[in-house]
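Quick note on my numbering: the sequence shown kicks off at 1 and runs consecutively.
Wrong hints could be hidden among the right ones.
Stated by the list, open to error - If you anchor each label on the Cβ, the simulated ranges turn out as follows:
| id | residue 1 | residue 2 | range |
| --- | --- | --- | --- |
| 1 | Gly108 | Ser76 | 10 to 20 angstroms |
| 2 | Gly108 | Ala77 | 16 to 26 angstroms |
| 3 | Gly33 | Arg92 | 19 to 29 angstroms |
| 4 | Thr98 | Lys128 | 41 to 51 angstroms |
These are calculated hints, taken from the structure and not from any lab test. Each residue gets a CB set at the ideal place from its N, CA and C atoms; glycine is no exception.
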Amino acid sequence: MQNLTQAREELIAQRAALDEQLAALDTALSAMGRRPMPVRPAAGGPALRAGERRPRGVATGRRSGSLKEHIARVLSATGGPMAVKDITEGVRRGGYETRNKTLAKSVGIALTQMPEVDKVGRGLFRLK
């Protein structure tokens, strides 16, 4: 446990050093009249300033696993083939937080990318 805590502290120190280096580079770029590239904050990282929005695709640290992990949990719980619609409902019930308006489409795409999942019919999938 102590080794993990020490490793974590070292990583935090490295991150702080990298943040300082990035700030110095941004200052140099600004002095040259160039706009620095935006840096994506770490999940649960620095707070945003008033009126600032988190860049698209940057995690907020609230989600408890990836979409594919949630899909695998749903499929393993049932054991048999499931329709994309039912898998999507299971993912939502399992606590997957999203504002995605087309989650079923995302689930269908993720299913085709998962090597541990077999397609057994039109819109039907199961774990291998």
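So, going through the hints one by one against the coordinates:
1. Gly108 / Ser76: 10 to 20 angstroms: holds (18 angstroms)
2. Gly108 / Ala77: 16 to 26 angstroms: holds (19 angstroms)
3. Gly33 / Arg92: 19 to 29 angstroms: Given about 48 angstroms between the Cβ atoms, the range is violated.
4. Thr98 / Lys128: 41 to 51 angstroms: Between Thr98 and Lys128, where Cβ atoms are some 26 angstroms apart, the hint is violated.
Checked against the numbered hints above, the structure violates hints 3 and 4; every other hint is satisfied.
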